[in-house]
Every structure is written in structure tokens, then in C-alpha cells.
Amino acid sequence: MYLGRTRWISGNLVTFCDWPRPLATRGTLWHRYAVAVTTLLVAAGGGGDAIAAAALSPLAPGGGVGVATFAWDRLLVDPLPGPRSAADFAGLERRNDWWQVTGRSRPVAPAGSTLPRLADEIPFPLILLDPSGGARSIHRQIAAAATELGAEHIRVVDVGGDLLGRPGDAGLRSPLADALTATSCLGLPSLAWIAGPGLDGELPENVVVERCADATVLSVDAALWEPYLAVLQWHPSEATTLLASASLGTRGTVEIRDAGIPVPLTARSPSVHELDMSAVCHANPLVPALAQTESLSEAERLAVGVLGSTELDVERVKASQRRERRPLSGDDILGTLPRWDEAARERGIDYVTYRRLAEALGNVDVPTLRALLRARRPDRAAGLLWPTGTKPLRAD
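Residue numbering for the sequence shown follows the working numbering, starting at -11 and increasing by one per position.
Calculated from the structure, these hints are not laboratory results. The C-beta atom is built at its ideal place from N, Cα and C for all residues, glycine as well. Some hints could be false.
What the hints assert, rightly or not - Label-pair restraints from in silico Cβ distances:
#1 Arg335 x Ala78: 41 to 47 angstroms
#2 Ala158 x Asp353: 29 to 35 angstroms
#3 Thr204 x Asp320: 37 to 43 angstroms
Whenever a hint applies, use it, and build me the whole structure from the sequences.
Written as C-alpha cells, this is what we have:
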């Protein structure tokens, strides 16, 4: 159980462990990395936020980071609903009360995960957050990893801003993962980074910006993404791809997800809003409500009580209705694509994500589709997004 101080936050009694002093670095895991790790970045929603956390690392105090994340992938990667636990992997490296994912780690079938490949392509230790013990266990994992890595600060990274969602928000689709992550950082020296307001297609940009009224705003420039553009060529994250695209100067309306949600890329898209965790608790009542949970199922029950449903409900339905990927016929795809592009332009769409395009064209395999378009339409397939027209839209 926790030993530490107790506080009331938004009507919930929250007990926190005392923040441990950083371990001596010589001989520890931290000492093996080339940079002094002073900030641990914690991805709020899973793999896509983990990429964003790595890319945004130069904005963190000290510059060097470790990245902690759930293994919570889209169903096109992992056919099982919800996040994976440490027991769902082989080859994790067990540390002091936390697990590191490496390129040698593998999900145990039938589970899937993007994390082992990601671990090989980012220059920081990648920490798996196991949610099976609820917020109390995740809190201990984050504190232990931060201590062993020598971190003095924590930043919770959420691309889009659904971390600030609340009951009654019509577009809120994935509230549990973000809230559970943020809850687990309460009582630690942490701040929230809301990157790319509105880019996840859940809360509109203006709503996110309004809820970040007291935030410090940091700019995100193109140079931050140069080491990660190759990762975004294979990783299915949509919100992080939109953040990178906006940072590279792309402007216009992007259609995302299987529902075809239009998301604008604006001058405010390439930004990070830095908030106190107390402001997150004030905006999102689910965050303090989850603080004492001791299992994922308990966290889910509380979330349903607060919000009415969670992303797990949707994932279970989709998993039961999974369509087989159809065999890719290049001629069929290239024949259908001009008509689909024209219809998208009539809807006011300037770009689509490759995930959205693959689902719209018949649930085809995303990497195969990208390879086909790079080979047959190299003038339009060079970027992170597929343009529905021939002239890309850029920032002035």
C-alpha cells in the first residue's frame, strides 16, 4: 500500500507515495544512455502519444527523457480490445518494479503491439505501463522508473486534448486511457502537455484551447520531427501524424478514423499547452475519481459511472465485427481512388490519413497501400498524409 500524504482533489480522497530521490546514476540503467535523463515523459493514450513524447523531448527540462506508455494499439494492430499487460509480452526486461520494452520483446499471440519496433527506433528507454493493477500500481511503476532513470520531472503527453474531456462532451471517444495515465501521475512532480489541440478528432480545437486558458504555450517546429518521420511512415497513429504534419507546415482539413471525422490543421495545431495537474483534475472529474483503483476493471466501472461508457465498449463491439482485410488489387485501388478523392473534395476534405483511406477502400492493409501509392503515385504519396487534390496546402 502507499505510504505518503493524503489530499482531497475534486471531492476525492487521494493518497500519494512520497516522491523518491533520484538514484545514484553510476551503474544504473540511466548511466547507459548518452544523455542525462531529467524528465520522464508519460504517453497518455498509448503508442501514438509515445512517438509524440519522444519528438517533443527537446522541450522538456534537461532535454533527455525516458518514455512510458501503455501497450494500447488500434485493432488493426492488436485484435484484442483494451491494453496489454506485462504478462502479454515475452522478452521484457524486468527492472525495479517496472518493465522495459526492447526490440527483442514480443507480444504473445494473438496479441499485437507496435512497441517492440518503436523501442528500436527511439533513442530513449521505453517503459511499459501495466494497467492490470489500476492507478495505484501504475503510480508505483512510474515512480520507480523515474527514480531508476534519474528523472526529476514528469510530463504527461496527450495529443489532441481528450484528457480534458468531461461528461457531456459529444465527441469524447477514448476517455479511460488518458484519465488513468494522468491519475497515476498525481502526487509526482508532473505537468500535463496537451499537444495539437483538437487533432485527435474528439474535442474541437476551440474547446481544448478554452480549457487550457491558463496554460503555458510552447511552439512545435518541424525540426523536432526529423528523427521520427520514418516511424510515422509505418505507425498507424493518426493524431500524432497530424501534429507532425501541422508542424511541417501542412494546413487544411484532414479526414480521419473509420467514421470519417474532419479535423482542421490550423496555425494553433503545432503547439503544446502546459498545465498543472490540478487544472486537469478540475477539467476532467474522472482523473481524481480513479486515484484509488487497484485493477483495470475497477477503473473501467468507475469511468462508466462518471461518463456512461468508455473506449473499451466500442473496441469490444468492433473486435466482434472485424472484417477480413481484402486482397489488395493495385489496379482496383488505383481505379477507385480518383472517384473517392473527388467525393472527399466535395466534402471539403483536403487530406486523409492512410489509415482512413485504407478502411474507406475496403479495409486493405495500410503498409501495402502506402507502398503501392509510393510506387505508382510518388508525386502525391511522399508526405505523411494523402492529398485529395494535386496541390498541397501549406502555411504562409
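Status of the hints after comparison with the structure:
1. Arg335 x Ala78: 41 to 47 angstroms: 45 angstroms, holds
2. Ala158 x Asp353: 29 to 35 angstroms: 32 angstroms, holds
3. Thr204 x Asp320: 37 to 43 angstroms: 50 angstroms, violated
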